[in-house]
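Visitor: Now for the letters of each chain:
Number of protein chains: 2
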Amino acid sequence: MAFFPPSLENLIDKFAALPGVGKKSAQRLAFYVLSLPDGESERFAQAILDAKKSVHCCPVCQNLTDGEKCAVCADEKRDKGVICVVAEPRDVLSFERGREYKGVYHVLHGVMSPMNHIGPDDLKISELVERVSMGGVEEVIMATNPDTEGDTTAMYVSRLLKPFGVKVSRLAYGIPVGSNLEYADEATLSRALEGRREM
Amino acid sequence: MAFFPPSLENLIDKFAALPGVGKKSAQRLAFYVLSLPDGESERFAQAILDAKKSVHCCPVCQNLTDGEKCAVCADEKRDKGVICVVAEPRDVLSFERGREYKGVYHVLHGVMSPMNHIGPDDLKISELVERVSMGGVEEVIMATNPDTEGDTTAMYVSRLLKPFGVKVSRLAYGIPVGSNLEYADEATLSRALEGRREM
Chain A
154 MAFFPPSLEN
164 LIDKFAALPG
174 VGKKSAQRLA
184 FYVLSLPDGE
194 SERFAQAILD
204 AKKSVHCCPV
214 CQNLTDGEKC
224 AVCADEKRDK
234 GVICVVAEPR
244 DVLSFERGRE
254 YKGVYHVLHG
264 VMSPMNHIGP
274 DDLKISELVE
284 RVSMGGVEEV
294 IMATNPDTEG
304 DTTAMYVSRL
314 LKPFGVKVSR
324 LAYGIPVGSN
334 LEYADEATLS
344 RALEGRREM
Chain B
154 MAFFPPSLEN
164 LIDKFAALPG
174 VGKKSAQRLA
184 FYVLSLPDGE
194 SERFAQAILD
204 AKKSVHCCPV
214 CQNLTDGEKC
224 AVCADEKRDK
234 GVICVVAEPR
244 DVLSFERGRE
254 YKGVYHVLHG
264 VMSPMNHIGP
274 DDLKISELVE
284 RVSMGGVEEV
294 IMATNPDTEG
304 DTTAMYVSRL
314 LKPFGVKVSR
324 LAYGIPVGSN
334 LEYADEATLS
344 RALEGRREM
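Read top to bottom, the protein sequences are chains A and B.
Each residue of the first sequence is one higher than the last, beginning at 154 in my numbering.
Each residue of the second sequence is one higher than the last, beginning at 154 in my numbering.
Please note that the accuracy of each hint is not assured.
Chain copies aren't distinguished; within one or between two, either way the pair holds.
What the hints assert, rightly or not - Here are the simulated lysine to any residue pairs, SDA-like style, with alpha carbons at most 25 Å apart: (1) K222 <-> H209; (2) K230 <-> L334; (3) K277 <-> P190; (4) K177 <-> R243; (5) K222 <-> F184.
It is worth saying that the hints were derived from the structure and are not from the lab.
Values in this document were obtained by computation on a predicted structure and should not be read as measured data.
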């Protein structure tokens, strides 16, 4: 039953199509946007248009940027010989927050997931292979999430890169810093033992 | 640290300002909107503009509408002598779903809440008083939520309406249909006993 005015129903549908937003939440969000003071609703709409217009993938690393290249790829001081491969743009943010990593990135924009019909061709994998094939890359660090899909994707990509003679590594598994052994799961503990280092 | 392009940061901020949306969710929503296929992001923005432009409050009952009056107020068959007062437009939807109620509505657009600095003047209460003062109204049913703020608002409004000699009622408290007595809370059970009817 369409009860609200059509334009409002339409806005609710748009919100309901967002990930993790149900029908009830969509109603709440739509009402909220309409109740914003003068000009604010229009600025919300404009923010979408502006971002969509100016933001695109960096031609080198596929991270989101509004420039010709992203800030990391454009930085002369970053080591172009080391590529950290992540699933999502937000993962780049996690590494940059640490201010430790000096190499560059490659964003796959997802992981392989047969359940969701996402195969290698839906990801920016061929762009990575091309990048490595051009030479100058010493190491590729696979930094996808430590779950089944992340592991599968890392394994798949590493096999593709092997022929180029480049070193492919995976982030270390182990107990998180500051955590409590009591709450560590068995899989993590077993990996932490496996990867133990001499002190 | 602003890491994403400014236009993307701006869009994330807009999403983060929505109720119940945190910074992480806002990032996810912004990325999703940008990743929509050609034209879809623009249609999202347009949906906001269209809804904001065409939707306004019905001059009679204050419910959201895109017409001169809302569908209920414009309906000749509805009993204009009975007004059901609700807090939000979505509450009208709940009653209409039942197809039982034949009267009209009045939407307050919120409830009194000292904690959130929402007083009577922030609600559409004066519009209700004016409506009742024009005559022709026999009964006003207070249908705000059965919680402290809803009860307070109902009490406040009923006092304002008393001088006009109109009957003011409150929705019945009791055990919900199809529920299990075992799980009913004490306050509800006590109200259900209090309001018992002869069979």
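Visitor: Look at each hint and say if it fits the structure.
Guide: The hints, checked one at a time:
| no. | hint | verdict |
| --- | --- | --- |
| 1 | K222 <-> H209 | within (10 Å within a copy, 44 Å between copies) |
| 2 | K230 <-> L334 | neither (39 Å within a copy, 69 Å between copies) |
| 3 | K277 <-> P190 | between (41 Å within a copy, 17 Å between copies) |
| 4 | K177 <-> R243 | between (28 Å within a copy, 9 Å between copies) |
| 5 | K222 <-> F184 | between (39 Å within a copy, 19 Å between copies) |
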